[in-house]
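Given the coordinates of chain R, assemble chains H and V with the ligand onto it according to the supplied hints.
Residue numbers (the numbering used here), protein chains in the order written: chain R, 1 to 415; chain H, 1001 to 1386; chain V, 2001 to 2173.
Hints listed in this document are in silico derivations from the structure and should not be mistaken for laboratory results.
Heads up, a few of these hints could be off.
Cross-link-like lysine-lysine pairs, in silico, BS3-like; alpha carbons within 25 Å at most [said to hold, decoys possible]:
1) R/Lys361 / R/Lys405
2) R/Lys322 / H/Lys1310
3) R/Lys299 / H/Lys1152
4) V/Lys2065 / R/Lys374
5) H/Lys1014 / R/Lys135
6) R/Lys24 / H/Lys1152
7) V/Lys2013 / H/Lys1049
8) V/Lys2039 / R/Lys413
9) H/Lys1049 / V/Lys2009
10) R/Lys411 / V/Lys2035
11) V/Lys2039 / R/Lys374
12) H/Lys1036 / V/Lys2009
13) R/Lys135 / H/Lys1152
14) V/Lys2139 / R/Lys413
Keep in mind that this is a model prediction, so the values were computed, not measured.
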Amino acid sequence: MILPDYYEFCCRVKIVAGHDALEKIPALLAEMGSKKPLIITDKGVAAAGLVDIVVNALKEGVTIGGVADNVPPDSDLKVVNQLAGLYRDNACDAIIAVGGGSVMDTAKGVNIVVSENATDLMAFSGAGALNRRLKTLVAVPTTAGTGSEVTLVAVIKDHEKHLKMAFTSYFLLPSVSILDSRMTMTMPPFITAMTGMDALSHAVEGYYCLQKNPLSDAHSLAAVNMIHQYLPSVTKNPADKDGRLAMAVSACLAGISFSNSMVGIVHNLGHATGSVCGVPHGICMAILLPYGLEYNMHKRGETIAELLLPMAGEEVYRKTPKAERAEKVVSLIRQMNQDLNEITGGRHARYFSEVKDRDGKQMVPREILPEIAKAALLDGATIYNPEDQDYEENLLVLEAAWEGKPLDRNKIKKG
Amino acid sequence: MNLTNGFAFTCPFKTNSGNKALEHLPVELAGLNAFKPLIITSRELAGPKAIGTLINAFGDSGMTIGVFDDVTETADLNVVEQIREIFLKGQYDVIIALGGGIIVDVAKILNLAVSLKVADARQLSPATAIRDPLGPFVVIPTAAATGMETSKYAVLSGKIFTSVHLMPGLVVLDPRLTRAKDGKTVAEAGFAAFGRTLEAYIAPDKNPFMDAYAFTALRFIRENLASAVNKRCNKKESLAVANAVAMSGCVISNTDQNMLHRLGQVFQNTVHVHPGIIIGMCLHPFLDDCMKKDSSRIASLLLPLAGDDKYAAMPEAGRAGDALRDLCEFSYEIYRSLKGKIPRTITEAGIQQYLMKDIFDIINQEPDGAYLRTVIDRVGGSSIKA
Amino acid sequence: MREIHAGGKPLKKAYVAIFLWFTGRAIQAAAKVDKEVQKEFAALPDDFTFALGCLPNGPWMVVGKEKGKVKYFGGNLKCRPVHLRLVIKSLDAAFLILSFQESTALATTRNRLMTDGEVPYALSVIRILDIVEVYLLPKLIASLAVKRYPSWWSFSRKLAGRVGVYTRTLLGF
Ligand SMILES: [Fe+2]
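Isolated chain R (complex conformation):
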């Protein structure tokens, strides 16, 4: 295990997990001196009946200060301000966020506004603008993937001014994250598959990126082990309670890893593909992950090889010669995509050329790849990638990922 010359690691979030973790919320709120939480969620989560489960679990000892289910799929400044008003009007003293990434972002934004008594959220964006504790925030993730229940970032969009504000602070970390198997139980197989692959990409990128450290490593190894074991089986049997819990826990472990060691080329190209073509994040991650490993292989081969044991177990590890272990990891991840593709009846895309929207139209036409390659030059995740990337190389990776061919590693420039 390698101790870097310097590293920082922090995850202050209290983790409470279990099949009945939600029922612990009243006691947790009381411990933190809160009595009246505002529940923030979105329409989809509410329609799936998940909010009802949460409300039921809160019955004892908690007065719910309101349920707001109007968080849009893309966080929005106006909604943040409106929810902050609701929080104040109803004299709430805590927030419970039930949902995915956008709900978590919105809840973090609301927390800044109500804690700092802010009128202009923008004033709290730059580094170091937040320097004291915010109100109690309980995060209840409803997908096992983003890890935003343990990340210190919130992205809020001002749709009127076409601005994207990023907030980063340890004070944005939720006070508690509740990992309850009931919250992901109803997730359809193909969403389970792609969010799970997002989690895997966090664990793996967190393991090879430049900011890796011994603690992020340990979180990554645990996550890789559990995701490889449980993701295909949970996608196949959505009602597998223990598998659901294991996936929620591993997505959280992966979230802790990458929020400390950051992510690289997979997220860099994935963000760009998402913003140019609107492809869901998880699908981009599933498709790009093997390529991210291949792209960094000449610099991180040994590191990547270390993932084989937690992923495939002793038997495979022993039988694979040392020099082939890193490549074995890549092929196992490709195999996972293949399995998930079969389990979901083809809905889980393996290559960009396979990604289709609801009407069956191709979402990533080949001609658009140069635009994505260019957009990626503006995405910060490249900073943490072990190898440098330029436009030509971005295009090289995207083209391979479009066709589903292994990356021609000889074409990567080497310093």
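Only chains H and V with the ligand this time, still in chain R's reference frame:
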């Protein structure tokens, strides 16, 4: 790992470890809205050199820093009260504890006193309710750390305070401070951290979050303790051990399986023997018993101890035995290189007979007291007639 | 019990200040000599200005565009509005970076270098700094300072660029 029963985990502290870690302090403090630190330390226990290094790290920040460097081994609530007055009068806004053991215990209780705004620190007791997070608190362990600095426990005059809020918000590990003057100090801290994390690691109800810390700590200690003890000039190994020691504080705060820890605590409070010494000697009888109960748990130790290749190469049936062998080699190497500076039995530790009686009195009150006695017996406790 | 006022670190500060002065002028020079640096700057807004420096009390280096030209504006952070700040957490960390014991990329990933401003700007500036470092430093040191040393650059680009950047940096035009 079985997750079905559910679990909770928390580690409130941020870790900054490595080269020039101290120099980041002004920025770190500003991020906590803190600008006037009071350093709690001891010239005698932490040494003037460490204090100087820390103060120099604030160079060019323009900050004013208070230094209370008179903490002694026998510090009690009176000392806390004395510092509390200094803290208020000097309008300090953050506590920095530099050192290990009692220094950090004093600082933790001081943080409690100033955060709860009590009128007199001597009113505080383990029964004091601690509901909200306390004020900003930084711990900078030296080689004299025991591992409890980063834990939820604080012990003062034999009274044990327990709350996650007592844990620091920031732990700074700087290679200039984590190098030890002598191998014995490193070995004591290493053994203490090793035993505590090992017991949590093989516990049946461990959770994967705590496990991440335990795994890392075990591997760091196994890989680095012997050379940190032997070649004390080696900064890197000492820093790795210090990292593991800090992680062990998180582990012990997140487990109920703490028999070795409690034994160490009893001896420390009663006869002032370093808990690492007791934990080190009790490790073997403890492992023997675990082996008889459930050898698969011992087998799981082979991965952090021996590494990926050795673990994978060994068939399942042989892993527990291999792990035990590895552990014996590990502790033998350390005992041997310290040439008797660390006692291996209660008799060697030279604990007086009448004091053993006190120890057994305390142990008998524990729910698993009968078992604890059998452990003590096997490390030579019975040869001293209680 | 005593109270201490934190002292200064004049030597380290002087080294860092000189180095920032040098780097600032070198960026100005590279913008005249190197096509890629020109291209990066061209894509940035007209009055784009960035600063590189250390917490808590400087020194700083301010570089920006004015009337289409790239200029080094000296060490005063307040001399004009700054779009992007690259902030090194302490003087000692700056010393590590600027004495090439730690690369820019490594410093970022070791949480020593923080960026305050829009990410695309930061990426642009980091690419510019990387090119300037390749010009200024011998290969052995430059390959420590950047993620990968551009060994694919033609010999003439390296030579002409290096000579150009050095003379212009030292003479200041
Ligand atoms: Fe992601």
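Hint by hint, here is what the structure shows:
1. R/Lys361 / R/Lys405: Holds, at roughly 22 Å.
2. R/Lys322 / H/Lys1310: holds (13 Å)
3. R/Lys299 / H/Lys1152: Since the Cα atoms of lysine 299 of chain R and lysine 1152 of chain H sit roughly 41 Å apart, the hinted pair is violated (cutoff 25 Å).
4. V/Lys2065 / R/Lys374: Measuring from Cα to Cα gives roughly 23 Å; hence the hint holds.
5. H/Lys1014 / R/Lys135: holds (20 Å)
6. R/Lys24 / H/Lys1152: Holds, at roughly 21 Å.
7. V/Lys2013 / H/Lys1049: Holds, at roughly 23 Å.
8. V/Lys2039 / R/Lys413: holds (21 Å)
9. H/Lys1049 / V/Lys2009: holds (18 Å)
10. R/Lys411 / V/Lys2035: holds (23 Å)
11. V/Lys2039 / R/Lys374: holds (14 Å)
12. H/Lys1036 / V/Lys2009: Between lysine 1036 of chain H and lysine 2009 of chain V the Cα gap is close to 20 Å, so the pair holds against 25 Å.
13. R/Lys135 / H/Lys1152: Between lysine 135 of chain R and lysine 1152 of chain H the Cα gap is close to 23 Å, so the pair holds against 25 Å.
14. V/Lys2139 / R/Lys413: holds (17 Å)
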